[in-house]
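Spelled out, the chains give:
Protein chains: 2
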Amino acid sequence: MAYRETEKMRQRKAQARKRIVDCTYQCVAEGGFRSARITRIAGLAGVATGTIYRHFESREDLFAEIFRLATQREVDKVAEALATTGNASERLERALRQFAERALKGPMMAWSLIAEPVDPKVEEERLAYRKAYANLFETAIREGIDEGCFPDQDARQSSTCLVGAIAESLVGPLSPTQAHQSARTKDDNNDLLVNSIIRFCMQGLTGTRR
Amino acid sequence: MAYRETEKMRQRKAQARKRIVDCTYQCVAEGGFRSARITRIAGLAGVATGTIYRHFESREDLFAEIFRLATQREVDKVAEALATTGNASERLERALRQFAERALKGPMMAWSLIAEPVDPKVEEERLAYRKAYANLFETAIREGIDEGCFPDQDARQSSTCLVGAIAESLVGPLSPTQAHQSARTKDDNNDLLVNSIIRFCMQGLTGTRR
DNA sequence: ACAAAGAATGAATAGTGATTCACTACTTAT
DNA sequence: ATAAGTAGTGAATCACTATTCATTCTTTGT
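So the sequence lines, in the order shown, correspond to chains A and B. For the first sequence, the numbering used here begins at 10 and goes up steadily by one. For the second sequence, the numbering used here begins at 10 and goes up steadily by one.
To be clear, the hints were calculated from the coordinates, so they are not data collected in a lab. One should not assume that every hint holds.
It does not matter which identical chain is used: a pair holds within one copy or between any two.
Below, a list of computed lysine-lysine pairs in the DSBU-like style, where the Cα atoms sit at most 35 Å apart [said to hold, decoys possible]: (1) Lys114 <-> Lys130; (2) Lys17 <-> Lys27; (3) Lys130 <-> Lys22.
Go ahead and model the full structure; you've got the sequences and the hints to work with.
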């Protein structure tokens, strides 16, 4: 026998894979999944199209992986916000704000994650992604109930409603068909938007006018 | 000149068009948009595939029309529920219930309308559809504020949150990948589901625990 | 340096189903 | 009956890229 995979090769392959992932991420962040072509991705990553298939089963699998990665970042940020100090209500509010503000800051990627029509395997990831948020919120709501800052309620159901309310509120503003506004106006509008989403959500949770 | 379109012909064409629409509706209600093939639709409607294109620009246009029709039915039902007697809060609650219960009764079509990945033209219709619900809710919320049964709030924002909360809560249960349950258990679960969605929504609106 | 094995290439292919269009069959007015 | 125009047909075409794979290039151990 002559050739045996070495550490060096393993690393080189890992690098190539990483380049592919990064370039796909970039393509998606620019134009969504639908318009991300394998040939373009390969070109950007500096590999042949066939090489993509040495690293991923199919375009759909590649996209599913990108979705998972992009998602994990976001979910982690929300988890972080939930791990800060303060009572459950304060922490949850921070988390909701984090979710919404980050989405508005990277609108195309956020739209792809939340609302772009995607293939079945990617859609599955999306369900998992929404579930992940809901799980985080659910735990926080449970803590809130124990702490006494939320009335007793179906925490799972409430968490789902939170995810839906935020996502729906963002779909319009994130939509790629939205006209552009000046940076200043946009930021102001976004603040207002985020605040009113949060108000509705917190009222829904606490049953208390604020 | 010899041939001139007559009433008889107009009617015959209208009939064919209706058959096409009905069969498409049926196909979508059975398996969603993605799996509805033009050839199958033509076969069911008893016309040649080419004939479809004498009535609709493209598959996407046909689907957009089906979406619009299916949607209109649902929106009308919600509007009906909002036009009953009682204060705004009661009427809104009836409307939310109507929305959710009808969706759970025709799950495949509801899933297609709410969550199935679709082509751009159809997606546009979906945005309009969600907007239509939001508009109805918005009006009702405004009335509620005037009547004094809801505290002052951003009615547009709240209505968007309502749509999102319901839709998100339904996506899981409607998802075609969901395992089947016995009819009895399912109905019970659905009742519980609808009730907890409504509780969250009404709390979000009123800021009052219930 | 050589042979064995793997990695990379990218032009050619394939699969899919929507869409077309040359043709036939009808309908209508004279 | 005839001519002129319209509706209907469905096999053939098209469009679109993801995917393949025969070939070339690299790496490795002896």
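We went through each hint and held it up to the structure:
no., hint, in the structure
1, Lys114 <-> Lys130, "both (26 Å within a copy, 26 Å between copies)"
2, Lys17 <-> Lys27, "within (15 Å within a copy, 66 Å between copies)"
3, Lys130 <-> Lys22, "within (25 Å within a copy, 41 Å between copies)"
In this structure, none of the earlier numbered hints is contradicted; all agree with it.
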